[in-house]
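So you can see what is in the structure, the chains are spelled out below.
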Amino acid sequence: MTCQDARPLLLAFQRGQLAAEPRGAIEAHIQDCAACAHEAAAEQLLTEALEHRLPQHAAPIALKRRLLAEWPAETRRASSWWHRWGRSFVPALAVAAGLLVAVPVYYQWDAGSRTPGMVTEAVNDHLRILSSQHPLDIESGGMHQVKPWFQGRLDFAPVVPFLGDAEFPLRGGAVGYYLERKAAVFVFTRRLHEISLFVFRAAGLPWPTTGRQAVGGARATITTSRGFNVILWREGELGYALVSDVDVPELSQLAAKLAGGA
Amino acid sequence: MASSDESTSGETLGREALAYADTLYNLARYLTGSPTDAEDLVQDTYARALKSARQFTPGTNLKAWLFRILRNSFISRYRHERHNPIVGGLDTVDPTAQGPDRQEWLRDDLELDRLRHVVGEEIERALMTLSEDARTVVLLDLEGLSEVEVAQVVGCAVGTVKSRLARARAALRLTLKDYTRKATR
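Chains A and B supply the protein sequences, listed in that same order.
Every letter in the first sequence is one number past the one before it in the working numbering, and letter 154, counting from 1, is 154.
Every letter in the second sequence is one number past the one before it in the working numbering, and letter 32, counting from 1, is 32.
Keep in mind the hints are simulated off the structure, nothing from the lab.
Note that the Cβ used here is the ideal one computed from N, Cα and C, for glycine as well.
Mixed in with the good hints there might be a few duds.
What the hints assert, rightly or not - Derived Cβ-Cβ restraints for the label pairs, each shown as a range:
(1) A:Arg23 x B:Val158: 13 to 23 Å
(2) A:Ala157 x B:Gln55: 42 to 52 Å
(3) B:Pro35 x A:Ala157: 13 to 23 Å
(4) B:Val119 x A:Ala20: 31 to 41 Å
(5) A:Asn124 x B:Pro35: 28 to 38 Å
(6) A:Ala19 x B:Ala19: 31 to 41 Å
(7) A:Thr2 x B:Arg116: 23 to 33 Å
(8) B:Asp22 x A:Gly260: 29 to 39 Å
As the list claims (entries may be wrong) - Chain B is faced by these chain A residues, among others (derived, beta-carbon under 7 Å):
(9) Leu45
(10) Pro55
(11) Gln56
(12) Ala58
(13) Lys64
(14) Leu67
Let the hints inform the model, and build the full structure from the sequences given.
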């Protein structure tokens, strides 16, 4: 076997796709030929790099949810397909829906009560902070100290333009979770009340499109749940949830500062 | 009974098709180079797959079938709008350009050692320098599709797949070699 014969077969050889005879011939050739041995090594290294180090991009949950939401509509339009295949897809879609969208569906807005799952989650997370003996990972020496602390702890940079002031001093920060995703948690105070701000990736959440009002530079939703006031808004790729038992005008005042409008 | 069989195969098809969302999105990301375009492409792919579900032959490779739909969708929707780093496909690359340089590199154990340490970002960047055809063949090969299946997806002869894959891999190695050279300067 010559180098010219061996080179095109190296990949198939390394993948175990060759019959015994050519496999043996290539093995023997590589033993004797330094150039082809190097070629085989390079091919093997490239395969390893592609298989183990090439970044794999997973489909966003929002896309998966959208696929599931749109398929039934698609099948209604394609009636001939629906008669043959569509109905049989329903159980599969139901199973997949359970797997893919259980969390987002659980947190969808309850239009009747206007108490959204996002609000419920924000209140629960705020209560966890209040009841925790060590709610803060970093005590505040000011926002300039708190914000850099998040570097390397989150896969995004929390954008918080308000640094705290005498009316709303910043107590500190922590890494928490909001709706199954990492969140930067900032805790402000107002007199004896604590105010939690959760900053998180906004994509894939059931953000309301109606009933919003201007709060600072943002369009926000203000809701009351279990005695707590919750202000939700999004800015670019980030979402914000501000929670406290301080009254709505005062909480809105802080939200306006955080949203860059005051 | 036939209806039950049909129903069962339909359920299986639906479940399996959804299970490939990540794989399809990954291919779409590398084809379009854009998260937004990739989402649109995958969504379009599933819509087309549903419309043409009758054309799928049970027992054949569903993943390859979905890849073919995705690629056709990509060509019809995006390719004409985009500028390709290698217009006309990798087949237009002059193979003689890889001659003595490649030999020099392959004989150099130091370069091989550097190849062992290339990082994901460099590999991704190198992959994106390939033509869409070449990138597709590399990615489908990584997904474990046979040469016959890759040929069906991209609509060419098996021999063409072999040569495209070989040239694409050679081009990747040359590009990665350049990165390692630059990194050591």
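Checked hints:
1. The hinted range of 13 to 23 Å is satisfied by Arg23 (chain A) and Val158 (chain B), whose Cβ atoms lie roughly 20 Å apart.
2. Between Ala157 (chain A) and Gln55 (chain B) the Cβ separation comes to about 47 Å, which falls inside the hinted range of 42 to 52 Å.
3. Distance hint check: the CB atoms of Pro35 (chain B) and Ala157 (chain A) are about 18 Å apart, consistent with the given range 13 to 23 Å.
4. The beta-carbon spacing between Val119 (chain B) and Ala20 (chain A), approximately 38 Å, falls within the hinted interval of 31 to 41 Å.
5. Evaluation of the 28 to 38 Å hint for Asn124 (chain A) and Pro35 (chain B) yields a pass: the beta carbon distance comes to about 31 Å.
6. The hinted range of 31 to 41 Å is satisfied by Ala19 (chain A) and Ala19 (chain B), whose Cβ atoms lie roughly 34 Å apart.
7. In this structure, Thr2 (chain A) and Arg116 (chain B) meet the distance hint of 23 to 33 Å, their C-beta atoms being roughly 28 Å apart.
8. Between Asp22 (chain B) and Gly260 (chain A) the Cβ separation comes to about 36 Å, which falls inside the hinted range of 29 to 39 Å.
9. This hint holds: Leu45 (chain A) has a C-beta 5 Å from the nearest C-beta of chain B, less than the 7 Å allowed.
10. This hint holds: Pro55 (chain A) has a C-beta 5 Å from the nearest C-beta of chain B, less than the 7 Å allowed.
11. With its C-beta approaching chain B no nearer than about 5 Å, Gln56 (chain A) sits inside the 7 Å limit, and its interface hint holds.
12. At about 5 Å, the closest approach between the beta carbon of Ala58 (chain A) and any beta carbon in chain B falls short of 7 Å, and the interface hint on this residue holds.
13. Taking 7 Å as the C-beta cut-off, the interface hint given for Lys64 (chain A) holds, the closest approach to chain B being about 5 Å.
14. The beta carbon of Leu67 (chain A) comes within 5 Å of a beta carbon in chain B, closer than 7 Å, and the hint placing it at the interface holds.
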